[in-house]
Structures are given as C-alpha cells and as structure tokens.
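Residue numbering for the sequence shown follows this note's numbering, beginning at 87 and increasing consecutively.
Hints in this document: simulated from the structure, not taken from any laboratory.
Mixed in with the good hints there might be a few duds.
[Said to hold, decoys possible] Simulated restraints on C-beta separations:
1. T115 - D436: 13 to 21 Å
2. A437 - A308: 55 to 63 Å
3. A413 - R139: 42 to 50 Å
4. E359 - E161: 42 to 50 Å
5. L366 - R305: 35 to 43 Å
6. A413 - A311: 35 to 43 Å
7. A437 - N268: 30 to 38 Å
[Unchecked claim] Cut-off 35 Å, straight-line C-alpha distance, at most; resulting in silico cross-link-like pairs (DSBU-like, lysine-lysine):
8. K184 - K270
9. K274 - K180
10. K180 - K270
11. K337 - K180
12. K186 - K270
Note that CB positions come from ideal geometry on N, CA and C, so glycine has one too.
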Amino acid sequence: MAKRATIYTYPWDLSDEGIDRALETIADTAGLNSVSLAQSYHVSTYLLPRNPRRPLYWGEEGALYFQPSDTFYRESPIEPLISNVVTSPGYMSKIVDKIKTRGLDFTSWLVFNYNHHLPQRYPDAAKQDAFGHTNLAQLCPASPLTRDYALALCREIARQFEPDEFHLESLAYLHFNYGFRNPKIAVKITPLCEMLMGLCYCRHCLDRAGEAGIEDAERFRAEIAEFLADELAREPNANDTQPLDPATMAKLFSGRLQVFIDTRIEAATSLMEQAVDIALQSGARASFFGGRDPIRNGLDSDRALREVYMVNGGVDTITETIAANIADQRRAFPSDTGFSAIVQASSFADAGAFAAYVSGLHQAGIDGFAFYNYGLLRRVHLEWIGGQRHAWS
87 MAKRATIYTY PWDLSDEGID RALETIADTA GLNSVSLAQS YHVSTYLLPR
137 NPRRPLYWGE EGALYFQPSD TFYRESPIEP LISNVVTSPG YMSKIVDKIK
187 TRGLDFTSWL VFNYNHHLPQ RYPDAAKQDA FGHTNLAQLC PASPLTRDYA
237 LALCREIARQ FEPDEFHLES LAYLHFNYGF RNPKIAVKIT PLCEMLMGLC
287 YCRHCLDRAG EAGIEDAERF RAEIAEFLAD ELAREPNAND TQPLDPATMA
337 KLFSGRLQVF IDTRIEAATS LMEQAVDIAL QSGARASFFG GRDPIRNGLD
387 SDRALREVYM VNGGVDTITE TIAANIADQR RAFPSDTGFS AIVQASSFAD
437 AGAFAAYVSG LHQAGIDGFA FYNYGLLRRV HLEWIGGQRH AWS
C-alpha cells in the first residue's frame, strides 16, 4: 500500500518557476504523491537556489497566500494580511486546480498563532506576558478574536479549495522564545522562569482562570511578575537549572499555577478539536505539526490528536536509533494516529547517506514522508528523493 509522501511547498516557488513545470518535478523527478502547500504562513527570509525570479525572498510578517471571500470577512473578526505575491483573485485557485489535475494529493498547510503582523494590529488577540507586555510574534488561543479567526480560516479553506488534508501548525500556545528576532539573551534563564515567561496572562486567560476558581486572577498575575523580577535578576544555582518536577509544580503559588495551566489546556485543546472537526466535516483528513507539551503548548494529546490521522515530526538521523526514536514519539499520541517523518534532503552529505536514512525510516515502519522544502532544495536533492520512491510507492 502506498504511503503518503508529500513535500512542503511555498506557492511563490510554483508560480515563479511555472506551475506545470514545478509539479512535473515534484511528481516525476521526486516521485512524490502529495503537495503540502502553504496558504497561511509566518515570516522568514528564504534562500531559493532554483527560483528564476527571486533567489533571495524577504517574506512577509504573517500572511495569507490567497484572496478570501466576502463570507470569510463576515465570519472573521480579524482582517489578515494578504501577501503581495497574490497577483490576482484566482492566484491560489489556479495552483490548487493544477495540483489536483495532475493527480497529486493536495494538503492545505496552515500556520495560525505564529504571526508577527496580527499582534500589532489586534493586540487583544495576542499573548501578554506577566508584566502586561504584548507578544509581537504570537496569538493567544484563549482570545475570542484568535479563535474566531482560526475557525473562519478553516471554513474558508474548505469552501474555496476543498483540500484532501488540512495540515495544522501552531494552533496552540507557543513556547517562550518562539518568534524571537535576533535575540539578545546573555544570561542563563532557569526552566521555571522560562516556563512562566512563556505563559499568557492576557485578560482572556485570566478570565478563564477566574472561572476555574482562582480568586483575583489579576493578583495572581502580579505575583508571577514579582517572582520573575526577583528571579531574573539573580544568578541561578545548580538546583535552579534542574528540569521542572510535576509534583513541585503542582504546589507552586499555592496550587494556583496548576489550575492556571489546566485552563490553558482546555483553551488550546478545544480550539484544536474545533479546527479538526471542520476539516473532517468537509471530507478532508487532518494532520498536525508542532509542540504538544501540555504545559508550554496547552495541548492534551489524547483529545487534540484523537481525530488527527497523521503527526509530522523530525526523527533521529542516527541509523541505530531511528526505530527507537519513532516508537518513543508514537507513544505520545493516540494509537490510531500515524507518524510521518519530516526529512530535509539537503542536510545529508551525499545521496548514499540520504538513501540509508530513508531506508532506515521505511524499515522502522514510518507511516509517511514529508520532505522539506521544495523551493529550498537544489535539483540534485529532488533527484535523491526520487531515487528512494520505492519506500512509499
């Protein structure tokens, strides 16, 4: 039985190269059966070695790569940035139609809460730290603005493009330093301080905390801020740098921290469940990429991944540990959820090393392959991929 073998792809690489030519390379040269196409994406700066128009592309702050319908704008309280690569209303539809006509599986790759544009325009949708400062790279899944926008986006994708699969990324809370730009961090930060600084204390998170039984949630936030101010100024000792112990965590701040974390789990997990439901109701599959830590990301994997057919993730490149690493990661999500390896061919020294790795994944029983990324690779890397098509065909 053929496995899903997809390649993460940016729309500008297809349109710049020529859609038909690019899809021929994906299907024939690389031997793949699926395209995971970015339709909502975060900022990056891209070196595109084969792109005939822009070998270096300065990406936008977090944009959609299609023109939404009037229905979307009625449903969404947030007006997203539309990328300047969208040169016509039918820009994305043309790409998607050609993917389907070619007989390739079409996956809508959607990035949600990692966004540098929307927090500045809609601060009530953004995370806030304990000191009351807006996170300029992350949206908060407890905010009604964020939730309504995410679900409106999923419905719009289903209506306009009818994907075979929704690939959901950064739909939960994100960890402390996700999205930092040219960070200037010159001192050690303890695991506890890093965790506390990564939590969100916006009014929506505090309201949920109050409903869960934390009396005076604003005072709780102030206590966290006071604690952080003292701890960040102090040089940590050896004990401070030990991993967080769940039993100790449960007692911190008179047990209120654990209650607060539980409310985050409900906020993020319920949003994930709703997005997956939209995908399934449209007749598509749902897959996932991202952190699943209940404390940092707020996800209960048993609930969030219950209806998710595939998790994409990295796997050890050491041949001897591939099988054990796959088994270890699989234990973290429901037994019915498959595991697909994210593989970047250009990270291997040569075709032989790449072939040995793909063979190791195949022999270890990996459920699928997700190659990264069409526009970032040279043609020789796509040829390496095609040379291993027996692993999924």
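Results for each hint:
1. Against the hinted window of 13 to 21 Å, the Cβ-Cβ separation of T115 and D436 comes to about 18 Å, which satisfies the hint.
2. Between A437 and A308, the C-beta spacing of about 58 Å keeps the proposed range 55 to 63 Å intact.
3. Taking 42 to 50 Å as the suggested C-beta distance range, the pair A413 and R139 conforms, at roughly 44 Å.
4. For the hinted restraint 42 to 50 Å between E359 and E161, the CB-CB distance of approximately 19 Å leaves it violated.
5. In this structure the hint that L366 and R305 lie 35 to 43 Å apart at CB holds, the actual value being about 42 Å.
6. One distance hint, 35 to 43 Å for the beta-carbon pair A413 and A311, holds here, with the actual separation near 42 Å.
7. Restraint check, A437 to N268: a C-beta distance of roughly 35 Å satisfies the suggested window 30 to 38 Å.
8. Proximity of K184 to K270 is assessed by CA-CA distance (about 45 Å); at most 35 Å being required, the pair is judged violated.
9. Under the criterion of a C-alpha separation no larger than 35 Å, the hint pairing K274 with K180 is inconsistent with the structure, at around 50 Å.
10. With a CA separation close to 43 Å, the supplied pair K180 and K270 exceeds the 35 Å bound.
11. Distance hint between K337 and K180 is unfulfilled; the C-alpha atoms sit about 56 Å from each other, more than 35 Å.
12. For the suggested pair K186 and K270, the alpha carbons sit about 45 Å apart, so the restraint of at most 35 Å is broken.
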